[in-house]
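Using the supplied hints, reconstruct the complex from the two chains, each of which is provided in its own coordinate frame.
Below are the chains, spelled out letter by letter.
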Amino acid sequence: MVSVSCIAAIVDFLDKKLSSRTKINKKMKFIDETKSVQNPINHGPTLVIHGGAGVMIRKNYPLKEKREYLKALEESLIAGYKILLDGGSSIDAVEAAVRIMEDCPLFNAGKGSVFSISGKNELEASIMIGTPLHPAGANTLLRTVKNPITLAKTILLDPECRHVFLGGSEAEKYAKDKGLEIVDPGYFWTEKRWRQHMEGLERQKLTSDSPNSLLLKDEFDASPKGTVGAVAVDKYGIIASATSTGTEGPLYRFSLCSSAHYGGLNNKKDGRIGDTPLIGCGTWADNETCGVSGTGDGEFFIRFGIVQDVAARVKYLGENVADAAINAVEEMRKVGGEGGVIAVDKYGNVAMPYNSLGMYRGYIRVSDGIPHTFIFNDE
Amino acid sequence: MSESKGNKGPVNHGPTLIIHGGAGNLRRELFELEQEYREALKNSLFAGHQILKNGGSSLDAVVEAVCVMEDSPLFNAGKGSVFTLGGKNELEASIMIGTPDHQAGAATLLYTVKNPIKLAKEILLDPQVPHVFLGAQWAEEYAKEKGLELVDPKYFWTERRWKQHMDGLEQRELQPQNIIATTKTSAAESNILSDKEVGSMGTVGAVAVDKDGIIAVATSTGGMNNKKDGRIGDTPMLAAGTWADNETCGVSGTGYGECFIRYAIVHDVAARVKYLGENISDAAEQVVKENKKVGGLAGVIVLDKYGNVAMSKNCDLMFRGYIRVSDERWISPVRSGPSPKDL
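For the protein sequence lines, the chains are A and B, in the order given. At position 251 of the first sequence (counting the first as 1) the number is 250 in numbering that gives the first Met the number 0, and the numbers step up by one without a gap. At position 342 of the second sequence (counting the first as 1) the number is 341 in numbering that gives the first Met the number 0, and the numbers step up by one without a gap.
Bound-form chain B, shown alone (with noise of 0.2 Å):
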């Protein structure tokens, strides 16, 4: 599904904000809270799009976008991620630019930062780290160099969560692993995921274009529900879960990690407008259908530098909205599929 065609033409919508909450299938639990989704979809994008309309930077803007549902305790980012098999909160976050140079920063296992997508902003910004990527408690130490907020670990802890982690955890004692793991040996097993792990990843993301025609994408996640500690998903990976490019668009992706790195999913879709000259909904569609052939499950959000969004899934529900500066009507439609009552 996507708002609108995506298309080469001199049509350009100016400074414009796509947003994800994370993607999966419907349960119940989410019918229910679907007022607060809203609300809170609503005020990422107020807060991306205020930057945007002040003439900030795209980078800048998802920054913010992604902060408030970072600090938001209904997604799976920052407070209110899910938790590790071993019971903790690790989290995960990028950030990428879509000038020639492609800068971009990234961080991992990460227990104490409080905004890890500030984390990937710094990383991406500072000219005295050439890296992209870090991880565990060397970013944390940086984090606390660069003087960001750092947390005691229980800030993220939140009821809902771990209520999913132990059920998960009782799941497993009743289903043998085996089963929930083959998804690298068999397409027909590995749509068994355990009900309480599909519903459950809700990476968040952003993806914006500036007044300048710079686009940055921008992803952060608490992982898999019951992940085994240590995992490191696609939400930090570029070319898996996070892709900047001017000339052809941003993607930041949601859904079964595992898939959108064996595929490099948000580089593909990416490549297609590139190569195959699709545009930004085609290029999504065909990505997310061929993913789901796979077995996969996921969800992309894309942007073009003319403004042009994409959203594309291929599971029952994902949490997005944009906003355009030149119109102040947030859009924000948040599934499609059966009503509560078939549940």
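So that you can see chain A by itself, here it is in the shape it has in the complex (with noise of 0.2 Å):
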């Protein structure tokens, strides 16, 4: 185990490192890591969860709405928790926490998703085992498939199905076939939702003539660029990782020419893929490596590989998944993606590491089964 004083005094090293921008919460990364292969301590089954990373200030925070976040996110760690503590595999512990955040309303998922510019929720998710095969399954362009992440692990178990990825109509159709739970679109739907969406229209027509002026962000953002995900590793340590979203809302973004942090609204286009579904840029799963879900600019994540990317750094670099973790969320800080990642090797070491003010995140292990759930920067 790691003292206490070791880690105050990495804590200090990696601060005069770290430039004071970085908004990295640095208690996090420290969750159990261990620096070396040599005598890595096996923590068991363990599962790390994200709910999305974006502009969440705990001092605007309602109490209520952080409770509600909490609750949910605690019942989506304890849905794979029981998964694991029975002995099942990775890959159904991380589709029952990430179902959980689907179904509830509260997560950018499954109902409660975001509108596209034209009004319409469209879904998408991925999966993936990282056994030596890499099995996956993704996909995308979904309207009335109610829990996406369940129609990625179909597509992935399905023999039949020599496909990775399926888009639009004709993977709904094979969700049909296949029995999964098909809804009316509008299943998907919610009021805070809905009128995101159209203060959203509201705003982006009284912007138009100035796009780069600054605005004034909502402090109190329970809308964040809000992917759900979940990364698990079982007792057999085989790590799964899966990713579900609806379609991305607001973005702020960094100039790349300035620091200036302009607020914008871009017309989400319908038909829009993001990361979500990509193997690489918003899911990754190899057991010698780690597992990753992102969660936070999409584009950012597809421009930079940026899951894959950790694990490159593991695989390449030699670095442990905390380290690789942040290394690759600074990275796409510095060309002004906004995000975060969570991350999990076979010996359930952790890493939460995101450069927004928040992250709705928790983890959880079976040797304790205590979860463990944060929203803010200070935890």
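It is possible that some hints are incorrect.
[What the hints assert, rightly or not] Simulated coverage check for chain A against chain B, where a stretch passes if three residues somewhere in it have a Cβ under 8 Å from a Cβ of chain B:
1) 126-136
2) 158-166
3) 169-181
4) 190-200
5) 295-302
6) 307-313
These are computed hints drawn from the structure, not numbers from a lab. None of the values given here were measured: they were computed from a predicted structure. Idealized CB from N, CA, C, for every residue including glycine.
Here it is as structure tokens:
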């Protein structure tokens, strides 16, 4: 075990290294990380989840909302934990955890997804296992599949389907053939998201003449760029990762030329495919390195292959999963991308770094069964 | 196999273009068409070369090179694309540039866009579109808005590919689905892809570096013969089929798409260059070799900002070639391996 004074020393060292503008939660990255592969401590079956990264500032967060989110995160953790506790597989655990968040209207996945510019919900998801053949399943442009993550898992496991990635009406047809629950598109609607959609359209009209004008962002932002995700390692040492989302919400961007952080709403076009269903960009699993799930500015995850980059750093630089994840998220921040990742290695070491002001996240281990959930930067 | 060893030294070959027209295992039919393929590859190289020679951007060069192959009925991209199980042509493409912001554009599930690579380029360049990846009818609507040429889906039909489609259907009836499909669960069975499917993996791609040292990569395809309708492959996926980064390399892949996705092959090549300091040839060879062990079929073309090129494959054949502005000879080995009489 790493001693407390050792942790303090490491925090100190990294404080000097990282710039003061870095929003990475310094405490979180040291959740039971082990520095080297000599005598790595095996924490056993572990599940880590996220419910989206974004602009969350504690002082403006109503207590009731905070409790609701923490409760939902806990519920998601327990669902996955139960499976791992019974000796179940990591793929079933991550699916169960993600399903809870898809069914919960609070998160931007499944029910409660944000709307596209034309007022539609378009869902997507992917799932992957870290065994040598890297089985994976993914889907996108879905309108009527109640649980996109279950569809992704079905694609992965189906011996008659040799593909990884299905999209559009054909993917929905396949879901129906496989007996998955199909719903009316109206199922995903929630009043909160509809209101945000309408407000977004209003704001867009106001800023269309001066897209670079500084806008005051909502300080209470319950609509994170909220992909949800889960990564787990089971008792066999097999890692699985799962990520699921509705389309992306309001986009806040760093300008590359200056450090001006301006709020602006861009057309979230219908038909847009994000990083979530893209293996290598939003979801990754490899037993020998790590499993990773990302959330945030989807386009950055795509353009920089963020989650595979975390694994590549572990594989080629020998970084531990925590450092690899932190560095990848920091690299993304430098190029103007906001977001975070969750990662787990086969020893159950966990990392949850992000460069936004907050990220819904949590983890649980079978060894002690205690769910740990967080939202803000100062926990 | 590679034509020149990449190195980080001062030798700068200047603007260079490298292309591929698909990888696969040998079939008799391909020998019969060898001359046509060589001619088409040459035209593609010269089209891109013209742009680079006149000081144009690598982005425009790769688009021109890929358009020639999309318009040619020989390649599995644009006209001459393979068919889905349902008898449709479903096209996809992606494009990326290696500048620090890694701008990119991609589109999939297209039925009426004559040149998918042009659509990908529009998405990349359009400041009104902050997205990278568009799909299905919305992508086609966007193409229409942008004034790109739309065609009747029948435009893509060719007799050769239709025949492959029908032959493939026949073979499926004779062979149970699950033998073909267990690629996910068993390395031993993963090589049992029907010959009709393996041979027709002709994604096309191009990688170029221009006089400003900017790398661009473009990849385009009709997918896999008798793929499930709605299947999205590696071609429109960054990290899987297309990757560009000025500091490491540009990579375009062709082969068994699902493998490219599951191993993020092109990103892995660049990661080896970045983190292991490998030159592009070694990085490409290693990735492709490792891929074979897990039952994949892959070919990649790679180029760095000095104009070093590498082309690696783990199958019999990859249509490929490269050309430099500094030297107008075009190099296009088509294949290595057994000669026609051995087939």
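The hints, checked one at a time:
Beta-carbon proximity to chain B at under 8 Å applies to 6 residues in the segment 126-136 of chain A; the threshold of 3 is reached and the given coverage holds. With a cut-off of 8 Å between beta carbons, the segment 158-166 of chain A has 9 residues touching chain B; three or more are needed, and the interface restraint holds. Counting residues of the segment 169-181 of chain A whose C-beta sits closer than 8 Å to any C-beta of chain B gives 4, which meets the bar of three, so the coverage hint holds. Counting residues of the segment 190-200 of chain A whose beta carbon lies closer than 8 Å to any beta carbon of chain B gives 0, which falls short of the minimum of three for the stated coverage.
With 3 residues carrying a beta carbon less than 8 Å from a beta carbon of chain B, the segment 295-302 of chain A meets the three-residue requirement, and the given coverage holds. For the segment 307-313 of chain A, the assignment as covered by chain B holds, since 4 residues bring a beta-carbon within under 8 Å of that chain's beta-carbons and 3 suffice.
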